[in-house]
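Protein chains: 2
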Amino acid sequence: MYDIAIIGGGPAGVSAAITAKVKNKNFIWFASKAVSDKVAKAELIKNYPGLPSVTGAELGWTFGNHCDSLGIERRAEVITGVYDTGDKFTLLAGAKDYEAKTVILCPGVVASKEYEGEEKFLGRGVSYCATCDGNLYKGRNIAVISTDKSFEHEVEYLASLAAKVYFMPLYKNSVVQSKNVEIVMKNPVGVTGGMRAENLVFKDQTLAVDGIFILRSSIAPSTLVHGLRTEDGHIFVNRRLETNIAGIFAAGDCTGRPYQYVKAAGEGNAAVFYAEEYINKKSKSAGGN
Amino acid sequence: MYDIAIIGGGPAGVSAAITAKVKNKNFIWFASKAVSDKVAKAELIKNYPGLPSVTGAELGWTFGNHCDSLGIERRAEVITGVYDTGDKFTLLAGAKDYEAKTVILCPGVVASKEYEGEEKFLGRGVSYCATCDGNLYKGRNIAVISTDKSFEHEVEYLASLAAKVYFMPLYKNSVVQSKNVEIVMKNPVGVTGGMRAENLVFKDQTLAVDGIFILRSSIAPSTLVHGLRTEDGHIFVNRRLETNIAGIFAAGDCTGRPYQYVKAAGEGNAAVFYAEEYINKKSKSAGGN
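If you're matching them up, the sequences are chains E and G in order. Per this note's numbering, the first sequence starts with residue 28, numbered consecutively. Per this note's numbering, the second sequence starts with residue 28, numbered consecutively.
Simulated from the structure, these hints should not be mistaken for lab results. Hints are not guaranteed to be accurate.
[Stated by the list, open to error] SDA-like, lysine to any residue: derived pairs with alpha carbons at most 20 Å apart:
#1 E:Lys73 with G:Glu303
#2 E:Lys48 with G:Ser80
#3 E:Lys50 with G:Thr82
#4 E:Lys50 with G:Ile72
#5 E:Lys52 with G:Arg284
#6 G:Lys48 with E:Arg284
#7 E:Lys50 with G:Arg284
#8 E:Lys52 with G:Lys73
#9 E:Lys73 with G:Thr89
#10 G:Lys48 with E:Pro79
#11 E:Lys128 with E:Ser312
#12 G:Lys48 with E:Lys50
#13 G:Lys73 with E:Val49
Take these sequences, add in the hints, and give me the full structure.
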């Protein structure tokens, strides 16, 4: 069991991981990429104090070096769910799970909206995880939506199991080549069905499928954590970066504007202190256990 | 009239100034030193993301270079009072004053406590400003308390006016040399008097004086801004870094723990955005004026 689980590889997640390491905390850090897409794509950042003029790629590289210099480990698994399991949280990452006393959410702002019906059918025909659920669809017809090229090996894996894959890459130049994969260059609008998901719905078309995989580099926080309070698309936090769920903190763009590197880094840093205080207070009230 | 006045030269003030400059704001920045003492004295900082291992002095130097590279001007005047004068704020800096639509307070945490009676007699025998009030004490006996060597020229100035100066330097190796200056190496405990301040009180002694100058590199926020809400020695702010006074924001250590460089820098950055929104909203509600 870890004291702190940090989810996200943007400036908030990086800062939280660095501070957790420097404070010698027992923590685990999930960041599916070395640096978030949003950082990597920033043209020129002039107001990150101490780094007078850096591109997003340079900032990412500098952050990465900082982490490396401290020997910080980054796990590439995508966390697909966080569950309150009594005195701790259980984090699902594909077929694996991890336990932590506190969670710091740094998912950034999720650009892609959830599809209509997505949450309703999650676990009943809709899945976020090829590794965990792929086997359920051997010889069946499935749809796969992916926001990111880095998931293409998962699409190939699913194609090796399924009879037929409708593949909706939400990016350009996909190179999935399996013969049973049919690329559909359209963004769906929703999922419909009865007890289970049965159709992937487009504006002008409906595909009847047995299962739908949605592979995103970040999952909407309210989907990731059941019952998490959000406001205007942001995770609600107070001045101590506490969400409405005791033990779960949030930092960075996900907590609201301004979307700024140093604001995010500052919150990631502070969240570690608040998480630490939460653990200390809880262990005291439990009589030192 | 400036849109934003930033007070303080620590990481929050630096970050606010950098972001205000990059956003091309009409602002003025008061920072009595190139870098705050607290930063300069930090031994080794390992968790400011992007600068893997820097001393406080190096961080200060790096921040200073960043400001210079953007051509940011820093004013050395110490602000001794911020007054709400209707639609704007008036900031007193010695004999000068400045006007701004919004103020971002980044004073850090004031280490030295106020003296008993200090606030009561402020403006009635107690002064923070040698330049403004020195002339009132020509040929009189005064006491001068100073937290910082950088004020010694003000002590000399006061000595050139007063008959006698009792000087309490709260640091080592003071070099004030005027003949009418008597150095007293003790920290007072309070000020007493009737209508005006009459005595500077020590644990074991009382000095009868006509005036008392207290020269500090930072003034307690609640003294600086009348009516400012504080809690446990920190300026009360909400998630938008708004204090209880509309138009006045606060950022950095002054808003509460953790006392961390990147947390302070993050707040300084965000405060500029909130100040900007405040101005925009106000100008809209005033019909575009």
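Here is what the structure says about each hint:
Between the alpha carbons of Lys73 of chain E and Glu303 of chain G the distance comes to roughly 18 Å, so the proposed pair stays at or under 20 Å and holds. Distance check on the hinted pair: Lys48 of chain E and Ser80 of chain G sit about 13 Å apart at the alpha-carbon level, within 20 Å; holds. For the hint linking Lys50 of chain E to Thr82 of chain G, the alpha-carbon distance of about 17 Å falls within 20 Å, and the restraint holds. Only pairs whose Cα atoms come within 20 Å are accepted, and Lys50 of chain E paired with Ile72 of chain G is accepted, the gap being roughly 12 Å.
With a C-alpha separation of about 18 Å, the suggested pair Lys52 of chain E and Arg284 of chain G falls inside the 20 Å cut-off, and the hint holds. At most 20 Å may separate the alpha-carbon atoms for a hinted pair to count; Lys48 of chain G and Arg284 of chain E meet this at roughly 19 Å. Only pairs whose Cα atoms come within 20 Å are accepted, and Lys50 of chain E paired with Arg284 of chain G is accepted, the gap being roughly 15 Å. Between Lys52 of chain E and Lys73 of chain G the alpha-carbon distance is near 15 Å, which keeps this suggested pair within the 20 Å criterion.
A hinted pair counts as satisfied when its Cα atoms are at most 20 Å apart, and Lys73 of chain E with Thr89 of chain G qualifies at roughly 14 Å. Distance check on the hinted pair: Lys48 of chain G and Pro79 of chain E sit about 12 Å apart at the alpha-carbon level, within 20 Å; holds. Distance check on the hinted pair: Lys128 of chain E and Ser312 of chain E sit about 15 Å apart at the alpha-carbon level, within 20 Å; holds. The straight-line distance between the Cα atoms of Lys48 of chain G and Lys50 of chain E is roughly 34 Å, outside the 20 Å bound, and the hint therefore fails.
A threshold of 20 Å between alpha carbons decides the hint, and for Lys73 of chain G with Val49 of chain E the separation of about 7 Å falls inside it, so the pair holds.
Checked against the numbered hints above, the structure breaks only hint 12 and satisfies the rest.
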